[in-house]
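Going by my numbering, the sequence shown wraps up at 761, each residue one higher than the last.
Errors might be hidden in some of the hints.
To be verified - List of simulated lysine-lysine pairs, DSSO-like, C-alpha gap at most 30 Å:
(1) K553 with K734
(2) K530 with K725
(3) K536 with K725
(4) K737 with K553
(5) K734 with K586
(6) K508 with K472
(7) K559 with K725
(8) K536 with K586
(9) K332 with K289
(10) K553 with K369
(11) K467 with K457
(12) K80 with K18
(13) K666 with K725
(14) K196 with K396
(15) K396 with K369
(16) K586 with K559
(17) K307 with K332
(18) K530 with K586
(19) K332 with K192
(20) K369 with K559
(21) K192 with K396
(22) K289 with K192
(23) K467 with K196
(24) K472 with K514
(25) K307 with K289
(26) K300 with K331
(27) K307 with K327
(28) K307 with K331
(29) K586 with K725
(30) K327 with K300
(31) K666 with K467
(32) K666 with K18
(33) K396 with K457
(34) K457 with K192
(35) K300 with K332
(36) K734 with K559
(37) K530 with K472
These are calculated hints, taken from the structure and not from any lab test.
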Amino acid sequence: MSVTQLVQKALPNLDFPVLSYIDSLFRPGADPEDQPVSTFIRPLLASESVHPVPPAEVDRICAEAQAAWDKLTGADGTAAAGGATKGPAKLDQALDMKRQELKSRKQAVTQVVDIASVVKARETQVNLKALEKAEAKLKSKLEKRNAKSLYEGSKLMEAQNNKKSYEELFLEVNPLNAVGQSKGKSKDIQLENIDLNFGSHRILSSATLTLPYGRRAGLIGRNGVGKSTLLRAMALREVPIPQHISILYVQQEVIGDDTPALDSVLQADVHRTRLMAEEKELNEQIGVLEKEGEDLAKRGAGAGGEEDRAALHAEVRKAERKKDDAMARLGEVQRLLIDIDADSGPSRAAELLAGLGFTKEDQDMPTRAFSGGWRMRLSLARALFCKPDLLLLDEPSNNLDLNALAWLEDYLQTWPSTLFVVSHDRSFLNAVATDIIHQHAERLDYYKGNFAQFYATKSERAKQQRREYESQLQYRQHLQAFIDRWRYNANRAAQAQSKIKILEKLPELTPPEEDDIVTFKFPETDKISPPLLQLADVDFGYHKDRMLLKGVNIDVGLDSRIGLIGANGAGKSTLLKLLIGELQPVRGQQTRNGRLRIAYFAQHHIDSLDLTVNSVTYLQRMFPGMTEQQYRQHLGAFGITGMTSLQLIGTLSGGQKSRVSFAVLSMQRPHILILDEPTNHLDLEGLDALMDALNQWNGGVILVSHDSLFIHTVCKELWVCGEQKAQKFYGDVDEYKSLIVNGKQTMRPTQV
Numbered sequence: 010m011s012v013t014q015l016v017q018k019a020l021p022n023l024d025f026p027v028l029s030y031i032d033s034l035f036r037p038g039a040d041p042e043d044q045p046v047s048t049f050i051r052p053l054l055a056s057e058s059v060h061p062v063p064p065a066e067v068d069r070i071c072a073e074a075q076a077a078w079d080k081l082t083g084a085d086g087t088a089a090a091g092g093a094t095k096g097p098a099k100l101d102q103a104l105d106m107k108r109q110e111l112k113s114r115k116q117a118v119t120q121v122v123d124i125a126s127v128v129k130a131r132e133t134q135v136n137l138k139a140l141e142k143a144e145a146k147l148k149s150k151l152e153k154r155n156a157k158s159l160y161e162g163s164k165l166m167e168a169q170n171n172k173k174s175y176e177e178l179f180l181e182v183n184p185l186n187a188v189g190q191s192k193g194k195s196k197d198i199q200l201e202n203i204d205l206n207f208g209s210h211r212i213l214s215s216a217t218l219t220l221p222y223g224r225r226a227g228l229i230g231r232n233g234v235g236k237s238t239l240l241r242a243m244a245l246r247e248v249p250i251p252q253h254i255s256i257l258y259v260q261q262e263v264i265g266d267d268t269p270a271l272d273s274v275l276q277a278d279v280h281r282t283r284l285m286a287e288e289k290e291l292n293e294q295i296g297v298l299e300k301e302g303e304d305l306a307k308r309g310a311g312a313g314g315e316e317d318r319a320a321l322h323a324e325v326r327k328a329e330r331k332k333d334d335a336m337a338r339l340g341e342v343q344r345l346l347i348d349i350d351a352d353s354g355p356s357r358a359a360e361l362l363a364g365l366g367f368t369k370e371d372q373d374m375p376t377r378a379f380s381g382g383w384r385m386r387l388s389l390a391r392a393l394f395c396k397p398d399l400l401l402l403d404e405p406s407n408n409l410d411l412n413a414l415a416w417l418e419d420y421l422q423t424w425p426s427t428l429f430v431v432s433h434d435r436s437f438l439n440a441v442a443t444d445i446i447h448q449h450a451e452r453l454d455y456y457k458g459n460f461a462q463f464y465a466t467k468s469e470r471a472k473q474q475r476r477e478y479e480s481q482l483q484y485r486q487h488l489q490a491f492i493d494r495w496r497y498n499a500n501r502a503a504q505a506q507s508k509i510k511i512l513e514k515l516p517e518l519t520p521p522e523e524d525d526i527v528t529f530k531f532p533e534t535d536k537i538s539p540p541l542l543q544l545a546d547v548d549f550g551y552h553k554d555r556m557l558l559k560g561v562n563i564d565v566g567l568d569s570r571i572g573l574i575g576a577n578g579a580g581k582s583t584l585l586k587l588l589i590g591e592l593q594p595v596r597g598q599q600t601r602n603g604r605l606r607i608a609y610f611a612q613h614h615i616d617s618l619d620l621t622v623n624s625v626t627y628l629q630r631m632f633p634g635m636t637e638q639q640y641r642q643h644l645g646a647f648g649i650t651g652m653t654s655l656q657l658i659g660t661l662s663g664g665q666k667s668r669v670s671f672a673v674l675s676m677q678r679p680h681i682l683i684l685d686e687p688t689n690h691l692d693l694e695g696l697d698a699l700m701d702a703l704n705q706w707n708g709g710v711i712l713v714s715h716d717s718l719f720i721h722t723v724c725k726e727l728w729v730c731g732e733q734k735a736q737k738f739y740g741d742v743d744e745y746k747s748l749i750v751n752g753k754q755t756m757r758p759t760q761v
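Using the sequences provided together with the hints, build the complete structure.
Pasting the structure below:
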């Protein structure tokens, strides 16, 4: 049993990054000076508080781990893993250096040297086994460094979350005493010299963050560049955003419980909830004080002695002061409630939920009754309800269907405060963004306008930078040519020296940054005779008394380019599963050509990947029989190039994992690709590559997607799922979205 397995058995709930890091510590090529057992394994086991590991068990695991470490590094007297031995190796025979020198001199004088033979001889002197070991050691170090970075990053995220409740985190980021303090203060964000890391990975270096109040900025950049990390840092004020600016970050789905959906949205505004509770408490307190004052007045009327009357009078004054203080605070609380428009809360919450697809009946249902995608919609509704000064959204379109996305685009176009959204959906950015911020090369570049304007401006900037670079390069070459020609000429030496000084004073010339071209490629498929894949008069329901789809007739061939659209829960993914045979019709017939090969990209494809191995190893396991170089070439066709193919899959970004999944699909050499939300994690470059690859491929495609541009580019026909039907839509995706915004299409949530 490996050390990783030993620790995992003792601590079964350890996250993948921790297990990955342990695995990296106990690999061949480890530094014998390290002491991972005492510095990491033992403290990790001892720190478990929920299910403590007995001390004797800790000692046993550490003893086995130390034995494994000693064997790995050769500390037990055996050769270190990989065959390495301690100390320098001895030569087979003694080398007489003087004799060797005389021999070399004699050969140089008396013989003609064959350069090719010398080079060949030098090449054969390389110890190929030693070189292979060195490369393996380098590969091990890289994987260890990646695992450590992932582990440190996971610790950072865990420390950020720290298992705090939503209310605790909300009040920590947005203190209650800050309510009403922003009047007269600027809500523009202008921060300079920002440095940001994720674990050991640098995200930003001396960057400038500029977000004018009321603008809607889209943050774009390649997978793994650190966009989500920047949003998290802003949400926790690790980036020094002024305290009077309220912040809300939509990151995770609502935890399901018995709270009705409408109440869940109302409770999201912690300031409103706290102030309304305080208002109720103050009203009760004032009522008690008023009754207390009346009782004291009655007692005072019947008091006989002067001392008794004086004492009662003092109590009356004390009660009146308390009442006055409570009345003053009540007035302040009511003013704050008016400022945040608390009375309109229920109607605003209901309107938001309705826009995101929740009917009146759905709004009264407990949150545990909804599936994960609809809980994410609840999270979005909660954030919109709070109306923060700065709203942070991370890929909001990933959890929405076209219906909800069309509504959200329309709603955000009138968002009154600042919006900062990470998205790879160009249609969404074109509809919503007033500015684009491009994160790359540890900096932030700013562009006015939506994505289409950004793309045009960026292309023009790149051309201008290239022209300036070539002009400067030509000027330098001209100076250098003059210097080289005349610097040793007595008549022109002074001029040459002057040119040298000019050249030395010129700033360092760096070539403009070139975008890496990403390409995907699916192998040409062989022709087979139709019909390939059909559903005829198919009915299906997960419950016999409630059909989800009725009378479905669809034919998928090699020339098919079909896009399925409709609300979540309308049966789009179910229809795909009926086509691949994962689900069987209740009635009707599914027909499949016996020679047909189908490749299926599931919506949650990442769950099917083995995160503990690298991409090359994963392909080797799935499709044995090829060389490592062939696997790496295949991965390279999907943008997994260089050392990225040797990183653990768990350390890759979501978009890189998607690329690995596409590489796996293409290895199946399919006739038909069935894709369920394939664009969710892809960056813009990956999305372009996927669209180009699908358009060049000669097989059939049927897909589900919320990305309007992707559907428009790839699909030749649209089918709408809804009201138990799947039928052709005679129009394009923009026409369908217009129907949604105008209320002519409905949507219903999927319930668990």
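*Which numbered conditions among the earlier hints are violated in the structure presented, ordered from lowest to highest?*
none
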